[in-house]
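Q: Modelling step: build the complete structure from the supplied sequences, incorporating the hints.
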Amino acid sequence: MMQNAADNAATLSQAAPVLRIGAVDKYFGATQVLQNCTLDVGDGEIVTLLGPSGCGKTTLLRCIAGFWDADAGRIEIDGQDMTPVPVNRRPVGVVFQSYALFPHLTVARNVGYALRMRGTPASEIEARVTEALRTVSLEGFESRYPAQLSGGQQQRVAIARVLVMQPRVLLLDEPFNALDAKLRSTMQVELRQLIKQLGITSIFVTHDQEEALTMSDRIAVMRGGRIEQAATPDEIFDRPVSSYVADFVGTSNFWDAQAEAGQVTLPDGQSVETGLSGKVRVMSRPHNLRLAPEEQGPWRGVVLFQRHIGPLIEYHVEMPDGATIKVAAIRQDRVRPVRDRAAVSIGIIDSAQVSVFAD
Amino acid sequence: MKALKRSSLTDIIGLGLIFGVAIFSLILLVAPSIIVLIISFDTRAYVSFPPEGFTLRWYGEVFQKSELVESMLNSLQVGLTVTVLCILLGVPTALACVRGRFRGTTALSVFVLVPHMVPGIVLGVAVLFAGALVGVSPSIWLQSVAITVFILAVMVRTVQSRLMRLDPALEEAAANLRATPFQSLRTVTFPLLMPAILAGSVFTFVEGIDNLSVAIFTHGFRDRPLPVELLALVQYTSTPLVAAVSGVQIVLAIVALIAVSLTIGLDNVND
Ligand SMILES: Nc1ncnc2c1ncn2[C@@H]1O[C@H](COP(=O)(O)OP(=O)(O)OP(=O)(O)O)[C@@H](O)[C@H]1O
Ligand SMILES: [Mg+2]
Chain A
0 MMQNAADNAA TLSQAAPVLR IGAVDKYFGA TQVLQNCTLD VGDGEIVTLL
50 GPSGCGKTTL LRCIAGFWDA DAGRIEIDGQ DMTPVPVNRR PVGVVFQSYA
100 LFPHLTVARN VGYALRMRGT PASEIEARVT EALRTVSLEG FESRYPAQLS
150 GGQQQRVAIA RVLVMQPRVL LLDEPFNALD AKLRSTMQVE LRQLIKQLGI
200 TSIFVTHDQE EALTMSDRIA VMRGGRIEQA ATPDEIFDRP VSSYVADFVG
250 TSNFWDAQAE AGQVTLPDGQ SVETGLSGKV RVMSRPHNLR LAPEEQGPWR
300 GVVLFQRHIG PLIEYHVEMP DGATIKVAAI RQDRVRPVRD RAAVSIGIID
350 SAQVSVFAD
Chain B
0 MKALKRSSLT DIIGLGLIFG VAIFSLILLV APSIIVLIIS FDTRAYVSFP
50 PEGFTLRWYG EVFQKSELVE SMLNSLQVGL TVTVLCILLG VPTALACVRG
100 RFRGTTALSV FVLVPHMVPG IVLGVAVLFA GALVGVSPSI WLQSVAITVF
150 ILAVMVRTVQ SRLMRLDPAL EEAAANLRAT PFQSLRTVTF PLLMPAILAG
200 SVFTFVEGID NLSVAIFTHG FRDRPLPVEL LALVQYTSTP LVAAVSGVQI
250 VLAIVALIAV SLTIGLDNVN D
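Residue numbers (numbering that gives the first Met the number 0), protein chains in the order written: chain A, 0 to 358; chain B, 0 to 270.
Please note that the accuracy of each hint is not assured.
Claimed, not checked - For the chain B half of the interface with chain A, some residues (derived, Cβ under 7 Å), not all of them:
1. Asp166
2. Ala168
3. Leu169
4. Glu171
5. Ala172
6. Ala174
7. Asn175
8. Leu176
9. Arg177
10. Ala178
11. Gln182
12. Val187
13. Pro190
Said to hold, decoys possible - Here are the simulated distance ranges between beta carbons:
14. A:Glu189 x B:Val254: 52 to 62 Å
15. B:Arg98 x A:Gly150: 21 to 31 Å
16. B:Thr105 x A:Asp68: 16 to 26 Å
17. B:Ile12 x A:Glu209: 48 to 58 Å
18. B:Arg221 x A:Thr119: 52 to 62 Å
19. B:Ile11 x A:Gly150: 39 to 49 Å
20. B:Leu211 x A:His103: 49 to 59 Å
21. A:Pro120 x B:Gly134: 48 to 58 Å
22. B:Gly103 x A:Asp68: 19 to 29 Å
23. A:Gln31 x B:Met163: 26 to 36 Å
24. B:Ile17 x A:Pro85: 49 to 59 Å
25. A:Ala71 x B:Gly103: 26 to 36 Å
These aren't lab readings, by the way, just hints derived from the structure by calculation. Glycine included, C-beta positions come from ideal geometry on N, C-alpha and C.
A: As structure tokens, this is what we get:
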């Protein structure tokens, strides 16, 4: 799986990217909303823009679609600069957060809209609308109005409506927001399969890290208008470039340490190499830690409580300085039950999997 | 338990009060019209209530008096002209106020309101003088223009409030789906604004046939509109003929409302 993803990324980076975002800046008045955003998206790749509310995800998407102009930088599709190209001539399809279905048009007329605007012959429109509706499994809904559809069906109409014009790049802004949690996870898998099967280059916006991990070939983590790291989900998870990324994707434990002579000593006695020196921040994922009886190690604490998450148990261990360290174990791997308030020591399983950050 | 009883008692009193006020307002609104209608069928040759018989004589007289028929046709023409002008001017103005990307959209939307705030008589006199200044004498056209200036705000406001509640993503979606700005206007914005335009048209049309204060100063001396004719009529006539003319107007207004409710539904009027 990991191997596969790495191969995938390698082949993608060799081919010419379909979408190039080059050093894009965007200001609203005096506030800078996008800062030097740079991102290449390969043919057929799904890249997720992930970040907290207000970090500029929608803004970047709107610049790609052409609703807003970037103040600096370039956006290219297939090597062509998009700056002078108006919205209605960009080879881009947008699925809006609100879906933006035309309430006065039937499903068939919504889906055929782009073709009618282009002056496609009526017979061809009908055939392509039928095909697009089949792609999203909505045959038989042609004459319904958007108000007569469920949220999930509306979303599929919105997707069919842009697929019918065969866009080079598909942009989706939090398309699952309006759906309930259960429908959301099935639609995520279905939508990823559909996009992959059609091979459309896509950018997908979310602030939900699990959604990002499910949907994407690569994730671009955004922070205050900048792209902090763009990499495969595995790499983002295992080798985050900053404590911000580590904190945003997955559960993480942080503690302060001192780097000397290219080494950081870990609290359990092991040490790890680093290029940094002076004060550093160390991060370990909960599953890279394990509990042991107190006397077996120097990194000691008391189990506050334990949480059962499916096949995992997450222990919250209170350290003497008041910090809480999270340790995850697979239920079967547990030698014997650990009681709350038990005094334990924590060990690091693989010191190479620990990340060291300057901040 | 006791508290519950007391609260349900005040509930009943409250509901009763609201109901009473509603009925009272309803009576206040429709009673004059109904009384006028009843009087218009009276057999006696003077206005009095309650009536003593039933006749269609006064309606017959309305349509036999050529000056009344002419004034009705004049008012009809004014109503239609005002409505067309309001659509042509009001819809683009509303679009500019809401979607405009230039400075002063707020100023524009306030500016449109000003003529509506000025008393009609003042506006009428002002248009009369302004017309005289540029050599335009009172006529059915000057009257139509003056009433348009007076009532334009209603069309702008009706369309504007609908426009403000339209999801801006709809027009963006149209552009993304290859529509030119004009195509987007024709296929998305206008169809969605239609209920508001129709509702605004009812108001402007009724104002066009009904307005007296502006019309009295601006109408052409040979093209009297119905309200001016009616004013002259009541000065020397005291027969139910006047009531019959009002009856015709009431029926016209009801027909307009029914037409709207059949085409777009009254619920959509404010949408
Ligand atoms: N039209 C605008 N005028 C001024 N500032 C804006 C405008 N639109 C967005 N912003 C600001 O730009 C920043 C980025 O907004 P953006 O909508 O791109 O965030 P986002 O990452 O999509 O957030 P969310 O997850 O909440 O959708 C925010 O601080 C926002 O306040
Ligand atoms: Mg957003």
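Q: A separate judgement is required for each hint: does it hold in the structure or not?
A: So, going through the hints one by one against the coordinates:
1. Checking Asp166 of chain B against chain A: minimum C-beta separation of about 6 Å stays under 7 Å; hint holds.
2. Interface hint at Ala168 of chain B: satisfied, since its Cβ lies 4 Å from the closest Cβ of chain A, which is below the 7 Å cut-off.
3. Hint status for Leu169 of chain B relative to chain A: holds, with the closest Cβ pair at about 5 Å, below 7 Å.
4. This hint holds: Glu171 of chain B has a C-beta 6 Å from the nearest C-beta of chain A, less than the 7 Å allowed.
5. Restraint check, Ala172 of chain B versus chain A: the minimum CB separation of about 4 Å is within 7 Å; hint holds.
6. The interface hint given for Ala174 of chain B is met, as the beta carbon of that residue sits about 4 Å from the closest beta carbon of chain A, less than 7 Å.
7. With 7 Å as the threshold, the beta carbon of Asn175 of chain B comes within range of chain A, its nearest partner Cβ sitting at about 5 Å, so the hint holds.
8. Annotation: Leu176 of chain B was flagged as interfacial toward chain A, and the flag holds, the nearest CB pair being 4 Å apart, inside 7 Å.
9. Because the beta carbon of Arg177 of chain B sits about 4 Å from the nearest beta carbon in chain A, less than 7 Å, this interface hint is met.
10. Annotation: Ala178 of chain B was flagged as interfacial toward chain A, and the flag holds, the nearest CB pair being 5 Å apart, inside 7 Å.
11. Given the 7 Å rule on beta carbons, the hint for Gln182 of chain B holds: about 6 Å separates it from the nearest Cβ of chain A.
12. A least Cβ separation of about 6 Å between Val187 of chain B and chain A falls short of the 7 Å threshold, and the interface hint therefore holds.
13. Satisfaction of the interface hint for Pro190 of chain B is found here, the shortest Cβ-Cβ separation to chain A being roughly 5 Å, below the 7 Å cut-off.
14. Here the CB-CB span from Glu189 of chain A to Val254 of chain B is close to 53 Å, well matched to the stated 52 to 62 Å.
15. The hinted range of 21 to 31 Å is satisfied by Arg98 of chain B and Gly150 of chain A, whose Cβ atoms lie roughly 28 Å apart.
16. At about 24 Å, the beta-carbon gap between Thr105 of chain B and Asp68 of chain A stays in the expected band of 16 to 26 Å.
17. A beta carbon spacing of about 56 Å between Ile12 of chain B and Glu209 of chain A agrees with the range 48 to 58 Å that was offered as a hint.
18. Take Arg221 of chain B and Thr119 of chain A: their Cβ atoms lie about 57 Å apart, and the range 52 to 62 Å holds.
19. A C-beta distance of roughly 42 Å is found between Ile11 of chain B and Gly150 of chain A, which places it inside the suggested range of 39 to 49 Å.
20. Between Leu211 of chain B and His103 of chain A the CB atoms are about 39 Å apart, so this pair departs from the stated range of 49 to 59 Å.
21. Our hint of 48 to 58 Å for Pro120 of chain A and Gly134 of chain B holds, since their Cβ atoms are close to 56 Å apart.
22. Taking 19 to 29 Å as the suggested C-beta distance range, the pair Gly103 of chain B and Asp68 of chain A conforms, at roughly 22 Å.
23. Between Gln31 of chain A and Met163 of chain B, the C-beta spacing of about 29 Å keeps the proposed range 26 to 36 Å intact.
24. Taking the beta carbon of each, Ile17 of chain B and Pro85 of chain A are about 55 Å apart, inside 49 to 59 Å as hinted.
25. A C-beta distance of roughly 29 Å is found between Ala71 of chain A and Gly103 of chain B, which places it inside the suggested range of 26 to 36 Å.
The structure shown violates just one earlier hint, number 20.
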